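Now for the letters of each chain:
There are 8 protein chains.
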Amino acid sequence: RRRGFPEVVLCEGKTPEQAAKIMGKMAEKSDNFLATRADPEVFEAVSQQVDDVIYNERGRVIIRENDPLPRRGEILLVSGGTADEPVVEEAAETAEIMGNAVEKLTDAGVAGVHRLLENAEKLYRARVIIVAAGMDGALPSVVAGLVDCPVVAVPTSAGYGTNLEGIAPLLTMLNSCASGIGVVNIDNGFGAAYLASSINKMESLQKYEKDEK
Amino acid sequence: RRRGFPEVVLCEGKTPEQAAKIMGKMAEKSDNFLATRADPEVFEAVSQQVDDVIYNERGRVIIRENDPLPRRGEILLVSGGTADEPVVEEAAETAEIMGNAVEKLTDAGVAGVHRLLENAEKLYRARVIIVAAGMDGALPSVVAGLVDCPVVAVPTSAGYGTNLEGIAPLLTMLNSCASGIGVVNIDNGFGAAYLASSINKMESLQKYEKDEK
Amino acid sequence: RRRGFPEVVLCEGKTPEQAAKIMGKMAEKSDNFLATRADPEVFEAVSQQVDDVIYNERGRVIIRENDPLPRRGEILLVSGGTADEPVVEEAAETAEIMGNAVEKLTDAGVAGVHRLLENAEKLYRARVIIVAAGMDGALPSVVAGLVDCPVVAVPTSAGYGTNLEGIAPLLTMLNSCASGIGVVNIDNGFGAAYLASSINKMESLQKYEKDEK
Amino acid sequence: RRRGFPEVVLCEGKTPEQAAKIMGKMAEKSDNFLATRADPEVFEAVSQQVDDVIYNERGRVIIRENDPLPRRGEILLVSGGTADEPVVEEAAETAEIMGNAVEKLTDAGVAGVHRLLENAEKLYRARVIIVAAGMDGALPSVVAGLVDCPVVAVPTSAGYGTNLEGIAPLLTMLNSCASGIGVVNIDNGFGAAYLASSINKMESLQKYEKDEK
Amino acid sequence: RRRGFPEVVLCEGKTPEQAAKIMGKMAEKSDNFLATRADPEVFEAVSQQVDDVIYNERGRVIIRENDPLPRRGEILLVSGGTADEPVVEEAAETAEIMGNAVEKLTDAGVAGVHRLLENAEKLYRARVIIVAAGMDGALPSVVAGLVDCPVVAVPTSAGYGTNLEGIAPLLTMLNSCASGIGVVNIDNGFGAAYLASSINKMESLQKYEKDEK
Amino acid sequence: RRRGFPEVVLCEGKTPEQAAKIMGKMAEKSDNFLATRADPEVFEAVSQQVDDVIYNERGRVIIRENDPLPRRGEILLVSGGTADEPVVEEAAETAEIMGNAVEKLTDAGVAGVHRLLENAEKLYRARVIIVAAGMDGALPSVVAGLVDCPVVAVPTSAGYGTNLEGIAPLLTMLNSCASGIGVVNIDNGFGAAYLASSINKMESLQKYEKDEK
Amino acid sequence: RRRGFPEVVLCEGKTPEQAAKIMGKMAEKSDNFLATRADPEVFEAVSQQVDDVIYNERGRVIIRENDPLPRRGEILLVSGGTADEPVVEEAAETAEIMGNAVEKLTDAGVAGVHRLLENAEKLYRARVIIVAAGMDGALPSVVAGLVDCPVVAVPTSAGYGTNLEGIAPLLTMLNSCASGIGVVNIDNGFGAAYLASSINKMESLQKYEKDEK
Amino acid sequence: RRRGFPEVVLCEGKTPEQAAKIMGKMAEKSDNFLATRADPEVFEAVSQQVDDVIYNERGRVIIRENDPLPRRGEILLVSGGTADEPVVEEAAETAEIMGNAVEKLTDAGVAGVHRLLENAEKLYRARVIIVAAGMDGALPSVVAGLVDCPVVAVPTSAGYGTNLEGIAPLLTMLNSCASGIGVVNIDNGFGAAYLASSINKMESLQKYEKDEK
Ligand SMILES: Nc1ncnc2c1ncn2[C@@H]1O[C@H](COP(=O)(O)O)[C@@H](O)[C@H]1O
Ligand SMILES: Nc1ncnc2c1ncn2[C@@H]1O[C@H](COP(=O)(O)O)[C@@H](O)[C@H]1O
Ligand SMILES: Nc1ncnc2c1ncn2[C@@H]1O[C@H](COP(=O)(O)O)[C@@H](O)[C@H]1O
Ligand SMILES: Nc1ncnc2c1ncn2[C@@H]1O[C@H](COP(=O)(O)O)[C@@H](O)[C@H]1O
Ligand SMILES: [Mg+2]
Ligand SMILES: [Mg+2]
Ligand SMILES: [Mg+2]
Ligand SMILES: [Mg+2]
Ligand SMILES: [Mg+2]
Ligand SMILES: [Mg+2]
Ligand SMILES: [Mg+2]
Ligand SMILES: [Mg+2]
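Residue numbers (the numbering used here), protein chains in the order written: chain A, 9 to 221; chain B, 9 to 221; chain C, 9 to 221; chain D, 9 to 221; chain E, 9 to 221; chain F, 9 to 221; chain G, 9 to 221; chain H, 9 to 221.
Isolated chain A (complex conformation) (with noise of 0.2 Å):
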C-alpha cells in the first residue's frame, strides 16, 4: 500500500531474534528497507542473517539498500546542536532511502539567531524543513518565521528537569506563534522524515487540476 516506500520495521519491543527473523524475511523480496530503534545487539543478530545491512550507530537505525531510489526535491534538516544527532541521524536516513536529497544545518541554536540568518539561503532552497529541537524546543518558531515552506517539528528529549523529556520543547512547538508547522512525536525522527517525503514528492497543482478534469 506504501507507494513504492520501502518497508520498516520499529525495532523497540521486539528481541533481536525476532527483528532478525523479520527482516530475515523482508530481504527475501524487497531490496531495500529500513529498521528504527536498533541497539547493537539488534544489528548484531540481524548481520549475521541478512546479508548487506549497515548500521548508523548514532541513529540506531539498519539500512538495507540495495536498489537506492534517486534523491530528489530537497529536505532540510535543522538542529540546535550535538544532542539531538540521533533524531536527525534518523531522520536522514528514513529521507533518503525514500529518495529524497537532504541537506543539514546542524549548529543553529536560536541563542544565537544570527548563524541561521547567515543560512538564509539554505533555509530558502528547501522544499520542506524538518526542525529537530530539544530544550526550549524554539527552533520552529524562529525557522518557520523565516520561511514559507512547510516545516515539519520535531521534539527531542535532550535536556533536563522541566524538560520532561521532551514535553517542554513539544508544547513549544504546538503553541508556536508561527504558522505552518506540523508537528510528531518527541524523538521521531522516521515519522517526521515520511511525513517531509509524503510533501516533498508532492505533483504540482497545475498537474493535480489538469488530471481532475
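Keep in mind that the hints were calculated from the coordinates and are not lab data.
Computed from a prediction, not measured in an experiment: that's the story for all the values here.
Wrong hints could be hidden among the right ones.
If you only want the chain A side, here are some residues facing chain C, beta carbon under 7 Å, derived [to be verified]:
id: 1; residue: Ser55
id: 2; residue: Gly107
id: 3; residue: His122
id: 4; residue: Asp195
Heads up, simulated BS3-like pairs for lysine-lysine below, C-alpha to C-alpha not over 25 Å straight-line [as the list claims (entries may be wrong)]:
id: 5; chain 1: A; residue 1: Lys112; chain 2: H; residue 2: Lys29
id: 6; chain 1: C; residue 1: Lys218; chain 2: D; residue 2: Lys37
id: 7; chain 1: D; residue 1: Lys112; chain 2: C; residue 2: Lys221
id: 8; chain 1: E; residue 1: Lys221; chain 2: F; residue 2: Lys37
For glycine and all other residues, C-beta sits at the position ideal for the given N, C-alpha and C.
Once you have looked at the hints, place chains B, C, D, E, F, G and H with the ligands on chain A.
Relative to chain A, chains B, C, D, E, F, G and H with the ligands alone:
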C-alpha cells in the same frame, strides 16, 4: 513575507475595540483578511467600522474577501460530528480565503469505519487531508492508514472527563500507528488549514529540479 | 471466595524467596495456580521448590495446572503487534487457566483497517473480546464499532515519547467514540482476562429469570 | 448495527436547534430513543418539536420510549451519595431503555462498610454491578471484593481539590486491589450502562457451545 | 530541639563515605540513632566505622540503640501485603526507637474486607494507626471509617501503570470519604511514624487544662 | 460510631432543596450540627426550614449549636493572610463545634519570619497546630521546625498560575523538610479540624497503660 | 525592611471591602502604594474611601503616587503583542512606582525576528530586560541570546489548548538555550518588575569593594 | 559575544569522544573554559587530550583556568544540605571561573530557621544570593524575606515521591510569598551562577546615567 496570503488577526486576548481598530487599519490597504476567535461582540464592533465583513458564527471567524483568490487543488476536511464543527468551520474559512478548494466529510467516526470506506474516493482524490477529532482522536490514524497524501491532524476539545480538554486526542494523534501525520494545537483549525494550504500549493518536483539547475 | 478460580500471585514487589515460599504453600493444597510479573530469577527460585511449574517467559507468567479446567466459550485476544506480546501472553495464560477457550488475532493495526475487516467472523464469533493496544490505543474503538459483544481494553506501555508509558492509549480508550468498552490498568493483561472470564461465564438471562422466581 | 438497541444522541457540543432537529428526524422512524447531556434549554427546544419526550433533569437525559423493551435480568447501581446522583440517573435511564431491570443502592460509602455488608443479598443477586464513586473512588474495590459478577466502575467528578475533577477516583479504580472491574470515563453513566447491558444480555455458555457446534 | 527523640540521618543523596562520617560523629555523643534510606553499601561503610549498628535490609534502615527508650502506648501498622513491607519496616523501626509500642496487621486488603473486620479489636485498641497502601490506596478510608483514633496514611509506590509511582494512592488518601486522616509523602514510613509518635505521646486534656491554669 | 461528635453535611453536589431536607431531618434529633460548603442559596433554603441556624459566609459554613460542647484543650490556627480566610473559618467553626478551644494567628507569612518568632509562646502553648497556606505553602515547614506538637497542614488554592489551584502548596507540604506534619486535601479546613480534634482529645499515655493492664 | 519601596497589596482573594479598608489604612501613613489584581469593583470600593488613586484597568493595578520616586536607570519591557498587555501593564506600573525608568517594545514576536533585530539598540541600552511571552514562550531565548544584561522572563497565559494556561511558555523559559534568564510565575508582571528593580538599583562592584574594605 | 566570559560546554548528550574533541579545539584558543554535566568517562577522555584540566567530581564539572579572572563582588550560595551538593558545586565553579567571589552557607534548612538568622550578616553582605533547595523548596522564600538583594533560586531533584524529581520545589519557588526571586531550571547550578554573575557585575546607576547623557 507571507507570499500573497491574506492577513490574519487572532482576536483572543484583544478587546472588541482593539480588534476593530486593527481591522479598520487593515481594511485600508487589503481587500482580503481573516480574523479568528472572534466572539459576537467583536464582530459587532468590527462591522460598525469596516464594511464588507462576513461572520461565520459557529467558526467564530470574520472574513473580508473583496478580491477572492481562485480556489485551487483540494483540501479535504474530515471530522466525526457536530461537536467538531467550530474547528472545521475555522479551518474551512481559512483554507478558502487562502485560495484552496475545500471538500468536507463530516460524519465519519471511527466507531463506524464503513462510512469512511464508502467515501474512499473522496479520500483518494484529496491533495491534503485535515482530520479534526475530539474524544478518542483515533480518526487520523485510520485515515492516514488508507491514503498516501499528507495528513494534518487537529485535536479538538470535544469530549469530557479524561478528554482533558483535548489533551487525550492530541496524544492519540502524536502516537499514531500510521505515518504521514503532522499535528497542530488543540482546536487550531486555522493552523491546520495554513499548513495544509502551504502543502497544497507546492510546485512539482520536476519544476523544482529544473529551477535549481 | 473466588468461585473455583485458581489462586493467583503477583510477584512484583516480592523477593524471589518470598514468591517461592508462597507458591510452595499453595502447591500443597491447590493443583492449579498462576503467578504473574515473574522475572526469570523468580521462576528459578520457584522451580527449585515446586514441581510441575511452567514458565511463559515473554508473558512473565508461572503456571501450575495439574487439573486443568475445560476450555469453554471463547475470548478473542486482539492486538497490534509484537510489542504488545507480553500483555497478550499474560492475558492468554490467565484466561486459559480460568477455563476459557482463547483465540488470538495479533497483527491487527488500526493503520491497516482491512486486516481487521478480513477477520470479521473471528470478531463476530467471540463472546468477549480483549483488545491490547499501545501507541495511539485506537484499536478498541474500531473493534467495538464492529461488534456487539463486551470489549475489554488494555492499554500497553508500548511506544515512546508522548505515549507516556501507556497513559496515551489509556486516555484514548476511556474516551472511545464506540460504546461497550471497559478499561483496565496499563499492561494489566491479567485483569483484562479475569474480567473477560467473569463475563464469558455468565449464565443466560432465561436461567436467571427462572431462578429468581 | 446496534442489535435492537434504541438510538442515542449526545447533546454536548450541539446547539439546542441542532439537537432538536436530530431528534425530530429520529422520532419519525423510532419509537424509542435517548439523549444524554441535555441541558434544560435543549429539552425546551426538543419538546417543542417532538412529542412523548420526558426529561430527567438531575440526569440531564431526554427519553422517548413509546414501545418499551421488557426489563430483564438485573443491573445493580451502587453509589456513595447525593453528589453522584446525576451519574446514577444517566446510567439508570440508559439501562432501563435498553431493556434491563435496574436496582439501586445509593448511600453505600466506604467510610461505613457495614451499610454495604447489610445489603449483601442485593449485591449477590445482581448479574452486573455498576459502581459510581467520586472523592476517593474506593467503593468499587470493596464491592468487587465481595462479589463474583462483573463490576463496571464509573469515576465521578464529585469532590474538590486533589479530586482533580474525577482523575483521582479514576486512578483508584484502575489500580483496584480487587479483580473483575472494567472502568469507563469520568461521569460516563451512559457508557457504564451500555457495557453493563451488553453483559447482562449474554446468552449462556451452554447455548453458545451448542450453537458453535 | 527534638525533645529526647533520637537523631536521624537520611542517607539518600549522600555518598557512603559522607553517611559513615556523619554517623561516626553522632555515635560519639548519642547512644541511639537511626539512618533511613540506607543501601547495603552505606551500611557496609558505616559498620566499619561505628559499632553496635544493626541493619534492617528490607526497610533500608540502620539502627543504633544502646539505651532503648521504653515502648509505650500503641501504634498499629496496617498494610495490604508484601509489596508494602519496606515502608512498614521503615515505619516500625522509627516508631520503636522513638519509644512507641508497635503492633502490625500486614495482610489486610480492601478486596477482602472481612479480614479487617475480624481484627476489629486490634484496630480499636490502637492509640494511633498508620496505614500503608499502594495500588488503589483505599485501605485508609475503610480503616478510618471503623475507628475514632487519628489515622496516618502513607501511600506506597507498590503498583504499576496508572499507580504513577504512588501518586494514585496518594490522591485516594487525600480524597478519603472518611475523616480523621493525615497524609505523608509517598513511601515515607519514617515521617508517618514520627507524626504517629508525636500523637501517641500526647499528655491528656485534663493535665493540659490543669497546667494552663 | 462518631463518639459524641456533631453530625456533618457536605453541601457541595446537593441542591439547596436536598440540603435543606437533610438538615430538617437532622434538626429533629440533634441539637448540634454543621454543614460545610454551603453557598448563600443553601443557607437561604435551610433557614426557611430549620431554626437556630447561623451562617458563617466567609467560611461557607452553617451551624446549629443548641447544646454546645465545652471548649477544651487548644488548637492553634496559623495562616498567612486574607486569602486563606475561607479555609481558616471552615476549620475554626468545625473545631469549635467539636468541643475544642481555638486560637488564631492569621498574618504569619514565611516572607516575614520575625512575626512567627514573635508569637513563639502561642506556638508552644498549642496542643495541635493547623497551618493553612496557599502560594508557596512553606509555612508548615517553618512552624513544624519550631514546635514539637503534631502539625496538620492544609494547602489552600490561594494563588495563581503555577499555584495550580493548590497543587503547589500541597506538594510543598508533602515534601516538608520538617517532620511531624500530616496533610489533608486542598482547602479542606473541615478535615484538618476533624483530625486536629481527634488528636487534641487523646487521653494520656499513663491512662492508656493503666486501662490496658 | 523593604528599602524605601512603596507598599503593595495583592487584591486577589480579598473582598472589595477588605481591600478598601487595607488601603485606607495605608493611605494614612504612605504617600505611595500599589495594589495589583484589582478588579473594577475593587477600584470602585477603594476610590470611595481613598483619594488620589488612579486605576490602570488593562493592568488591573491601583496606584497612589503622591511623592513619586525619580525614574532612574532603564528597564526594557519586551512582549509579543496585545494579548500580553495586562502583564506588561502590571510590570510597567510596578517598575515605575519603584523608581525605575521604563521603556517598551511590545510587538516583537519570534515569528518575525527582524523586528527584534531592528530594535537592537533598545535592547543594548537597557540595564535589565523583562520579556513577557505567552504561546510558545520563545521570545526570552532570542532576546537573551542577543544581550549580556540580566533577563527576567514572565510566561503569560495568552494562548489556548496546549498553552495550558501558561505552563507551556513557562517550561520553554526554564529550558532556554540562552543563559542569563530568571523566571517568575505565570502572569506575574509585579514579581518580574520587583526583581528587575532590585537588579537595576545595584550599586557598582567598585563601590562594593571599597565599602567592604 | 559573551563579554569576556569563558566558554562553556554542556556534556550531556555528547559521547566522551565528541566532548573531548570539542574541548581539544577550545584549548587551542582559550586559556579558560568550563564543561558541565561531565561524567568520569568524559573527564577521562578529555584529560587524555587536553592539559591543565581539573575535575570536580561531585559537581560533574571540568575546569581549565590558566588565566583566572580576579574574584570580585560576592555571590552567596545557600543550601539545605548534602543532597544539594552537586548543584552547589556546579554553581560555585561556574561563578568563580566567571570572576565572582563565592561564599557558601550550606546547612541552612527551613526546618531550623535559627541557623539562617544566626548567619544574617553573611546574607546581608552578599550582592546576589543563589539558593539551592530540594524537597519542599521553601528556603528561597525565607531568604528573600530577609534580604533586599536579588535572589536566584535553583530547585534541586533531591527528595523522593511527590518531589517529582524537582517539580515540587520548582513550583514552591515560582509561587514564593517573597518577592525578588528569579528561578532557573531544576538542578541548573550553571544557569543560576551565570545569571548571578551578570547581576553581580552590573555597573552602578550613577555611572549608567552619566554614560547615557
Ligand atoms: N486561531 C488561531 N490559532 C493560532 N494562531 C492564530 C490563529 N489565528 C491567527 N493566528 C496567528 O496569529 C497571527 C496574528 O496574531 P495577532 O497579530 O496577535 O492578531 C496570525 O498571523 C496567525 O499566525
Ligand atoms: N453521555 C455520553 N458519554 C459518552 N458517549 C455518549 C454519551 N451519550 C451518547 N454517547 C455516544 O455518542 C453517540 C451519539 O453521538 P452523536 O451522534 O454525536 O449524538 C451514541 O451512539 C453513543 O455511542
Ligand atoms: N468540607 C468538607 N470536605 C471534606 N469532607 C467533608 C466536608 N464536610 C463534610 N465532609 C464529610 O462528608 C460527610 C458528609 O457527607 P454527606 O453525607 O454527603 O453530606 C461528613 O460526615 C464528613 O465526613
Ligand atoms: N500580582 C502579584 N503577584 C504575586 N505577588 C504579589 C502580587 N502583588 C503583590 N504581591 C505580593 O503580595 C504582597 C502583599 O500581599 P497581601 O499582604 O496579601 O496584600 C506584596 O508585598 C507582594 O510581595
Ligand atoms: Mg512560515
Ligand atoms: Mg498514509
Ligand atoms: Mg460495539
Ligand atoms: Mg470480585
Ligand atoms: Mg474515623
Ligand atoms: Mg516539629
Ligand atoms: Mg545573554
Ligand atoms: Mg527580599
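- Indices of hints not satisfied (ascending): 1, 2, 3, 6 and 8
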